Amino acid sequence: MSDHVYKRVEVVGSSSESIDDAIRQGVERSAKSIHNLEWFEVQEVRGHVVNGTVGHFQVVMKLGFRLDD
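With this note's numbering applied, the sequence shown covers 71 to 139.
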């Protein structure tokens, strides 16, 4: 196994459905732009309240990707 160097970026995924869906939205959308995406780390969970109910879930994540050799 060779040594690798990684970079982290922060993104916020959102969903009106669930926290899980917000994570998936953030990762899947980021994977379209970030090459070698390998892991995520949830930093914060928050949401938007509309008329006393949850309107959106927001998940702040750090995404890690491997830099090309």
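In short, the hints are calculated from the structure, not lab data. All values reported here derive from a predicted model rather than from experimental measurement. Be careful, since some hints might not be right.
Stated by the list, open to error - In the EDC-like style, the derived pairs of lysine to aspartate or glutamate whose C-alpha atoms are separated by at most 16 angstroms in a straight line are:
id	residue 1	residue 2
1	K77	D139
2	K132	E108
3	K132	D73
4	K132	E111
5	K77	E111
6	K77	D138
Said to hold, decoys possible - Label pairs and their in silico Cβ distance ranges:
id	residue 1	residue 2	range
7	H105	H126	39 to 45 angstroms
8	E98	S72	24 to 30 angstroms
9	D138	R116	16 to 22 angstroms
10	D73	Q113	23 to 29 angstroms
11	K102	Q128	15 to 21 angstroms
12	R99	Y76	17 to 23 angstroms
13	R99	V120	33 to 39 angstroms
14	E80	G122	26 to 32 angstroms
15	V120	S72	45 to 51 angstroms
16	Q128	S72	17 to 23 angstroms
17	E98	Y76	18 to 24 angstroms
18	V120	H74	31 to 37 angstroms
19	G125	H74	35 to 41 angstroms
Glycine included, every Cβ here is placed at the ideal spot set by N, Cα and C.
So which hints don't hold here, by number, going up? Those not satisfied are hints 3, 7, 9, 13, 16 and 18.
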